[in-house]
Each structure stands twice: as C-alpha cells, then as structure tokens.
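Protein chains in written order, with my numbering: chain A, 10 to 447; chain B, 213 to 518; chain C, 2 to 277.
There may be inaccurate statements among the hints.
[Stated by the list, open to error] Distance windows between CB atoms, simulated: (1) Ser49(C) to Asp34(A): 47 to 55 Å; (2) His169(C) to Phe364(B): 49 to 57 Å; (3) Gly103(C) to Glu88(A): 41 to 49 Å.
Don't read these hints as lab results, they were simulated from the structure.
Just so you know, even glycine gets a beta-carbon here, dropped at the ideal spot from N, CA and C.
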Amino acid sequence: MKRTAFSIAASLLALAAATSAHAKDQPDITMAINQSPWLNSFVAMVDLYEEETGNVVDLDVNPFGGLLEKIRNSVRGAEGTYDLVNINSLWLSEIYSGGFLAPLGEVQEGYALHDGVLSYGATTKWDAAVGSFSPDGALMGVPVNGNVQVLYYNQVIYDELGLSVPDTWDDLYANAKKIAEAKGIYGFVPRAARDSIVYNITPYIFSHDAAFFRVTGPGQAAIGLNTTGGLAALKTYLKMSGEDVAPPNPGAIAQGELIQLLSTGKAAQAIAVIAAWGALENPNESRVVGQMSASLIPAGPGGTHASSAGHWVAGIPKNVSAERQRAALAFLDWFQSQALQVKYVEAGGVPVRGDLAETGLGTNNSYRFLGAYSANAANAVMGLPFAAAAEASDAMALHFNRAVIGEESPEVALNAAAEALAGILEQNGFTVTRQPDL
Amino acid sequence: MNTMIKPGVVIRRNKRWLVLSLAPVAVFFMVLSGFPVLNLLGLSFFDVEWREGAAEFNYIGLENYRRLFLEETIYWAGVRNTLVFAVTVVTCQMVLGFSMALAVKRAGSVGRTILTGIFLLPIVIPPIVIGTMWRLVMGREFGLANTLLRWFGLNEVDWLGNPDIALASVMFVDIWHWTPFVFLLMLAGLESLDEEVLDAARLDVTGFWQEVRHIVLPLMLPTILITVIFRVILSFKVFDEVYLLTSGGPGTATEVVNFSIYRTFFRQDQVGYGSAMSVVTLFAIALTIILARGVLARRRNAEDAG
Amino acid sequence: MTLRRTSGRVAANVLVWGYAGIILLPTLWVLSNAFKYKIDIITGATLSPVTWSNFEQLLFSRQSQFLWNLLNSAFVAVSSTAIVIVIATMAAFTLGRLRVPGWVRWPILGWALLFQMLPTLTFVGSWYVMWSAIGLHGTYVSVILTHVVHNLPMGLFLMLSFMFALPHEIFQAARMDGCSNSQMFWRVAFPLVRGGMIAATALIFIFSWSDFAIALTLTSPATMTAPVAIATFAQEYDIRYGEMAAGTLLSIVPALILILVGQRFIVRGLLAGAVK
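Whenever a hint applies, use it, and build me the whole structure from the sequences.
Dropping the structure here:
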C-alpha cells in the first residue's frame with residue numbers, strides 16, 4: 010500500500026542521514042494535527058528536529074473540523090493511533106478531565122516546562138480534584154501554537170486622524186466613532202456570531218472584573234456573570250457593536266467576515282486572534298499590508314486588562330507505549346527553547362514564549378506584533394475552566410447573540426446565560442453560588 | 213420458455229432466489245447498522261462520562277427525554293424551523309424538479325444532454341463547498357448577490373444577518389443544491405413510462421396539462437412518493453449548509469435539528485442527550501412523512517373521484 | 002392550436018434555460034475563484050488577474066496529495082455504488098414483485114427507513130470502534146462497506162419505486178409462461194428498470210463521492226478521499242477559497258464524467274450479462 014502519511018520520514022530520512030549530527034535515538038512517532046495557516050511553520054520545526062536528531066515525527070494532517078473526532082477516537086481506544094495530539098484550547102478541559110493524557114511528570118519524573126514558556130491562564134495544568142485548570146495541577150501538555158486575542162488597528166488611519174492607541178474601552182469607542190465619521194468605514198468590528206461571541210466577549214467580561222464563574226474551591230463555583238461588572242461589560246460590547254461604529258449585521262459576523270473586513274480596509278479596528286496577522290500581511294489576501302498594528306486590549310474601569318486564550322497544546326496519550334511517550338516528550342522538550350522559538354516565528358509561527366520581544370525579533374518591523382502578543386498573552390484567561398466548557402459556551406452564546414441582535418435586553422440575556430451556566434455546572438458536580446437576578 | 217423443467221425444481225429454485233436476493237441486504241444491515249442503531253437507541257437512556265480514560269455509563273432512565281421536553285429551548289426552535297424548512301424546500305424541489313424533467317424530456321437530444329449536465333452540477337459540488345461559497349455569495353459587503361442588486365440600482369439585502377431573511381436564504385441554497393436529486397429521479401420515471409400506455413390514454417384527454425395531470429402523475433406516483441420521502445428525510449438531516457452559512461444564527465433564526473444534534477452529541481460530547489434528540493427527531497420525521505403521504509393520497513382520491 | 006403549441010414551447014424553453022442560468026451563474030462564479038487570488042475573491046472582484054497558484058498549492062504543496070485523494074474517492078465511490086446497486090435491485094425486485102412473507106418484508110423495509118432517518122454523525126463513532134476492533138480501520142474495505150450500508154436504504158427504496166412502476170400484467174404473463182423468479186428478474190424486470198437504475202446509480206455515486214463524515218473517521222492519510230482533503234481548506238482562522246474552488250473543479254470533472262458516461266456502461270454491462 011502506498012505510504013503517504015504526509016511522511017516527513019520519507020523525504021527527510023535521506024537528508025537526515027547525510028547531515029545529522031546525532032544518531033536517531035527514539036522510535037518514530039505520529040502526531041495528530043490540523044491543517045492551518047501556521048502548519049507550515051510547525052512543519053519547518055519538525056524538519057529541523059529530524060535534521061538535528063535523526064528522530065522522526067510523522068504528521069497526520071486533518072481538517073480543523075475533524076481533528077477533535079480523530080483525537081477522541083484514538084485516545085478512547087485500547088491502543089492509540091497517535092503518540093501526540095494537538096488540542097485546541099476549547100477542547101482542553103474535555104481531554105484533560107477524561108483522563109486520556111499521561112501527565113508529563115509521569116512520562117519523565119519531575120518534568121516541568123522551560124522557564125519563559127507561557128501557560129495561558131494555567132491551561133497546561135489540570136487539577137482533577139477541583140475539576141479545573143490550576144497552577145497546582147499536574148502538567149498535561151506543552152503549548153505548540155500560542156494564540157490569544159489582541160486589538161488590531163490600522164496605523165495609517167490612526168496617523169492620519171491623529172489617534173492614539175486606546176487604553177480604555179471608552180478610548181476605543183471614541184477612536185471608532187472618529188474613524189467611522191471621518192473615513193466612512195467601520196470603526197470597529199465585533200465577532201458576535203453565535204459560534205464566536207463567547208470567545209470574543211471574554212476580554213470585555215474579565216476586564217470589567219467580572220467572570221463567567223470562578224472556582225472557589227474543590228467542586229465549588231460562584232457565578233460572576235449577572236453582576237454589575239458583567240452588565241457593564243455586556244453594555245460595552247453592545248456599544249462597540251452599534252450601528253454608529255460597527256457593521257449593521259454584527260450577529261452574523263464570525264472570524265471569516267471579521268478578517269475579510271479588516272483585510273479589505275473596510276474596517277479599521279477589531280479584537281481578533283493574533284493568528285490572523287499572517288493573513289493581514291499577505292499581499293495575496295490583504296489590501297492593508299504593512300498598515301496594521303496590534304496592541305493591548307483596552308482595560309475596564311478598574312484598569313484591568315484581559316485577553317482570551319485560543320492556543321493549542323500538544324498532549325501525550327496514555328494509551329501508547331512508554332517508549333513512544335518518551336519520544337514524544339523529547340520532541341516537545343526540544344521545541345521550547347528560546348533559540349528555536351525565534352526560528353518558529355521566522356517561519357511564520359506564533360510562539361509559545363513571552364520573552365521573544367527582547368530578542369532580535371523585537372526590533373524587526375515584520376514582527377511588530379510580538380510586543381502586543383506577549384502583553385496580551387500575559388493577561389490571557391480561559392473563560393470556562395471546566396469539563397463541559399463547550400456545552401456552557403453554546404448555551405450562553407445564544408443569549409449574548411440575542412442581546413446583540415436586539416432580541417433580548419442585556420439584563421435578560423445575562424440572567425438567562427448565568428442560569429444556564431449554573432445548571433451545567435451543577436450537572437457536572439459543582440456546588441454553585443448564584444447571583445440574584447439583575 | 214422452460215419446457216420440461218419439473219415443477220419441484222422450479223419451486224426449489226424460486227425459494228433459493230428469495231433467499232439469495234434478500235440475504236446480502238439483510239446481512240449488511242445486521243452486521244454494519246445493527247450495532248450503531250441499537251447503541252444509539254440504548255444510549256438515550258444513559259449519561260456517559262469519561263473518567264481515567266474509561267467510559268462510565270450511568271443508567272438514568274427517561275431523564276434525557278424529560279430534560280429534552282421540559283428544559284430544552286434551542287432544539288425546539290430547531291424543530292419548528294426544520295418543519296418549515298422541510299415542507300418548503302421539498303415542495304419547491306418537487307415542483308421544480310418535475311417541471312424541469314418534463315421540459316428536458318421534450319427537448320431535442322443535444323439540448324437534453326447539455327441540460328442534464330447543467331442541472332446535475334449542484335449535487336456534484338461537495339456540500340462543504342456549497343456552504344462556504346454561498347456564504348461568500350450572500351455576504352453583505354462584497355457578495356455577488358448584493359453586487360448584482362446594486363448593479364440594478366436596488367437596495368442591498370442582509371441575506372444571512374437579518375433574522376427574518378436568514379432562513380429563507382438557507383432554504384434557497386438548499387433548493388438550489390438538491391433540486392437535481394428530484395430532477396434525476398423524475399426524468400428516470402418519465403422515461404420509463406410505457407409509450408403504448410401513454411398513447412392509448414392520450415385518446416381520452418385533450419391538452420398537455422390534462423395529460424400530465426390525469427395520466428403522467430398517477431403513473432409516476434410510486435416514484436414521486438419515494439422521492440418525497442427521501443427528500444423529507446434528507447432535509448430533516450440538513451447540516452453542512454446551515455453549519456457553514458449561519459451556524460444556526462442569528463439568534464435561533466436558522467437553527468435546525470441536525471445542527472442541535474451535532475452540537476450536543478458531538479461538540480459537547482453529551483452522547484446520551486444527543487441520542488434522545490435523535491430518537492425524538494425520528495418521530496418528527498415519521499410524522500411528517502405520514503402527513504405528506506396522506507396529502508398525496510387524498511389528492512389522488514380527489515382526482516379519481518373528479 | 003399551432004400558435005398555442007408554439008407559444009407553449011417558447012415558454013418552456015425560456016423556463017428551462019432560465020433555470021439553467023440560475024444553476025450556471027453561481028457555479029461558474031465558484032469555479033472561477035480557482036483562478037483568483039484570495040483578495041480578489043473576498044472583495045468579489047469580477048475582473049481580476051488570473052493565477053495558477055491555487056492549483057500549484059493544491060497539487061504540488063507538501064501537505065497536499067490531491068490527485069491521490071481523487072483516485073481514492075473514485076475507487077471508493079465506484080466500488081460501493083456497484084455493490085449497492087446490484088444487491089438493492091435484486092432485493093427490490095423480490096420485495097416489490099414477489100410473494101414474500103410479511104415477517105421478512107417489513108423488518109427489512111422498516112429497518113432501512115429507521116436507519117436512514119437517524120443522523121449519520123451519531124453512527125460514525127460506532128463504526129470506528131467496530132472497524133478498529135477487527136484491525137481494518139483506515140483501509141478501503143472499511144470505507145467502502147460502510148458507504149454501502151449507509152446508501153443501501155436509498156438504493157433499496159428507489160429501486161422499489163421503479164419496480165412498483167412496472168405494469169403488473171407483464172409479470173403475470175411471464176409467470177404464465179413458466180418463468181422462474183430469477184428468469185423474471187433477469188429477463189423482465191431488469192431490462193425495464195434500467196432507466197431507474199441509471200438514476201439511482203448516479204445518486205448513490207454522488208452520496209458516496211461527496212461523503213465527509215464517514216470518510217473522515219474511517220480513512221487514514223493513505224485512503225483519504227477528496228471531500229476530506231477539500232475540507233482542510235476551511236481552517237480555523239482562514240478559509241482558503243481559491244484552493245477550495247480549485248479542488249472542487251478538479252473533483253467535479255471526474256464525477257460528472259463517471260455519472261454521465263460510466264453509469265451507462267455499468268448498466269449496459271449488467272444488461273449484456275442478463276440477456277445471455
């Protein structure tokens with residue numbers, strides 16, 4: 010049978026044999042990964058690893074929409090197909106809490122991430138007793154693609170209108186208003202479609218010192234959504250989605266539309282993932298090449314900044330042999346060093362370290378996003394840190410989306426979202442402290 | 213034909229035919245669909261949790277169904293939309309598909325090949341591409357649809373963002389996509405009609421419409437009925453288009469049952485609850501089919517009486 | 002009378018070609034994206050520079066093996082369609098035209114309908130478990146046989162409807178002549194339903210050809226089919242319309258050829274076998 014496992018092995022073994030400084034010392038491993046704009050940069054790293062060490066990492070590349078299913082099938086079986094699985098931040102809690110992954114400290118006694126590697130709101134560690142992410146939990150994986158939301162703005166328009174980078178939500182709104190009036194384009198784009206809004210609204214909620222909920226102890230949760238802070242956050246979100254600054258159909262804008270509006274110059278500001286940077290800088294996809302800048306997402310009234318994590322973490326399943334687990338960890342360990350992360354960025358990847366702005370990259374105009382990336386990554390939160398995150402997200406999304414399209418008042422939407430969330434937390438074994446209705 | 217074969221031999225051969233012709237179908241169904249279907253039906257009484265890498269099956273009786281009927285909101289919005297969706301798209305597809313089949317059958321042989329090729333195009337495009345590309349066509353700012361409207365000096369329409377229009381837009385795409393299904397079957401049905409029977413019957417009627425109504429339609433009723441049944445089932449299972457066009461929004465304007473099931477069963481990994489939704493949906497489809505059959509049958513009786 | 006007929010024909014032509022336009026316009030627009038840069042696609046530019054870069058990406062980039070995916074698709078779809086159509090036609094003849102005890106007839110038809118009505122995506126997990134248990138996951142056998150069972154209900158019911166549409170008298174006459182069941186099938190029913198068979202073959206082929214859910218779960222990189230490959234262009238942060246359109250263009254052509262030409266060969270071949 011034709012072996013086509015998109016086999017870096019085949020094409021590179023010869024090369025590796027010729028150039029490798031080290032002999033191969035690990036068994037071949039297979040990693041489940043998704044096709045994405047950053048895949049090429051990851052492939053470049055894999056190539057480099059194979060060249061340097063002679064070890065082989067096969068990548069099984071799947072559509073984004075099918076990777077979770079492939080991962081579930083593999084990790085739930087008696088014997089897994091994959092030695093490494095690439096997990097989206099949305100799926101982390103499900104995969105961690107299901108007990109499918111080997112904690113890295115068990116693969117290698119006392120293993121810890123390199124200093125300088127970001128944890129995106131402690132999302133590399135899981136505390137099974139609490140049922141949530143926790144800095145005190147067991148280390149479950151290594152981030153392989155850092156991705157957080159940042160504020161994008163069109164520097165050329167800023168300069169033309171004499172605007173400065175906003176520090177608060179009010180500044181952002183004022184800028185948006187000026188742009189809309191002066192240029193006749195959209196001053197700001199929210200990403201408020203049902204499948205996007207919870208992720209997009211997370212920085213608003215947390216910067217207003219509210220939360221969806223907070224874990225207050227083992228199996229204990231306190232709702233923090235239908236509070237004065239939560240209400241102020243949603244009202245800010247609605248203001249940024251208003252017709253005076255935003256497109257008239259915010260309830261239908263998902264990631265694709267948002268990037269389309271920015272890259273065509275139809276909109277000047279948006280809160281979006283740093284992973285969109287490449288598309289905005291690619292002349293085949295963008296009319297604003299060289300014009301965009303990124304910065305810290307604005308702060309709420311209390312001065313708190315927040316961003317939401319959207320990164321990828323590679324984990325090692327339990328159902329593969331110890332030998333292969335060690336081979337997988339060897340690759341992950343190799344991947345984290347600062348020198349290699351610089352190469353990762355140069356190949357077009359989003360790094361997983363927060364200290365690259367201090368390297369030579371920081372002064373290179375092509376990587377001018379790095380400072381904003383590091384600053385936002387330090388504030389990144391995981392909005393729904395428990396096993397049923399997907400369910401809770403879907404339930405709340407409906408109400409937020411309805412508030413945006415005017416079918417529910419902000420108060421009604423928050424109360425309903427909070428109640429739905431509380432119910433799902435209870436179903437998942439939490440004792441829940443509710444807030445009185447707004 | 214078969215002179216001199218003993219009746220006993222024929223009977224034995226006939227029995228062997230019965231067994232041999234049905235066995236493959238039965239074996240396929242038993243081996244490859246038995247477990248998935250029974251598993252699904254069974255799961256609807258369970259809550260499944262994964263702990264320590266292993267599944268825990270907790271029997272919870274009718275709890276999933278109780279929750280579905282008493283606490284669920286999105287799914288039921290989906291049921292309402294899906295009923296509207298199914299009735300509308302299937303009706304339009306049947307009328308369009310049948311008309312086009314009639315027209316193509318009367319066209320010359322060259323026109324016929326060209327038209328058949330064109331009419332089939334939408335169903336050979338992968339559904340994921342249909343959804344993605346129509347989203348682009350119906351885009352508010354740059355979409356082809358609005359560009360054409362502006363070209364004719366008309367106001368642009370927010371095809372997918374306006375909750376009042378979004379479902380109609382999705383239905384339009386579905387009609388566009390799946391009319392070829394009906395067209396193909398209707399054309400096959402028309403072509404297999406016996407010309408002699410038609411010629412004989414033509415003596416009794418005058419005009420094209422009379423002929424279609426009193427001769428062609430009744431003769432094609434089995435094909436029409438099966439086509440309607442399958443279109444109803446498939447339109448209840450609509451997923452790719454909705455997922456890629458609107459993801460069920462804005463609000464619940466385009467939520468459909470299969471999307472609810474996908475979210476619950478797959479994305480949220482609530483397989484028990486998702487199974488209960490599938491089972492309830494099964495009854496909704498069965499009911500719709502029974503009603504559709506009733507309408508078709510009544511119409512036929514009325515024709516016969518009139 | 003002649004005037005009416007002429008005007009009727011004109012109206013019919015306008016209708017048919019108008020509808021053809023509604024089909025063609027968006028299709029051509031979609032396919033034209035295969036030759037455009039993404040910026041021109043998302044801005045809806047009608048006149049734009051032509052590029053082959055989408056095809057280069059699709060065919061020659063390291064992560065892509067699209068021609069191989071197309072071959073996989075063709076192999077899977079042709080095999081599974083052939084199996085479905087043969088066994089469904091035989092069973093439909095027996096169930097629709099012969100005396101079969103009720104306890105055989107209704108369970109088969111009822112199960113087929115039940116199975117068809119439940120959502121496919123709730124089954125794929127079970128299929129994965131079943132095929133993995135016997136070590137066939139990721140092979141052509143697993144995808145082909147699963148496609149067979151998935152499309153069998155439709156094949157069965159479609160062929161049943163065409164069997165029902167045949168005039169009752171023919172079978173009575175054949176029976177009087179002393180035809181056995183198998184002779185009635187091969188000499189009477191089979192030649193008469195071939196129009197229906199052609200249509201059913203086309204539809205089942207299309208369903209197998211464009212299936213995503215089953216193929217995603219049951220294929221390995223070596224057996225991956227074209228729709229799964231095309232889906233990789235709908236990414237989390239970036240929908241690559243150009244490559245997607247290029248992939249669609251390349252997959253439509255063989256599909257249309259196989260449907261318009263291939264099925265006639267299949268049916269004619271079966272027919273030739275029948276007349277012997």
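Okay, the hints, checked on the actual structure:
no.: 1; hint: Ser49(C) to Asp34(A): 47 to 55 Å; verdict: holds (52 Å)
no.: 2; hint: His169(C) to Phe364(B): 49 to 57 Å; verdict: holds (55 Å)
no.: 3; hint: Gly103(C) to Glu88(A): 41 to 49 Å; verdict: holds (46 Å)
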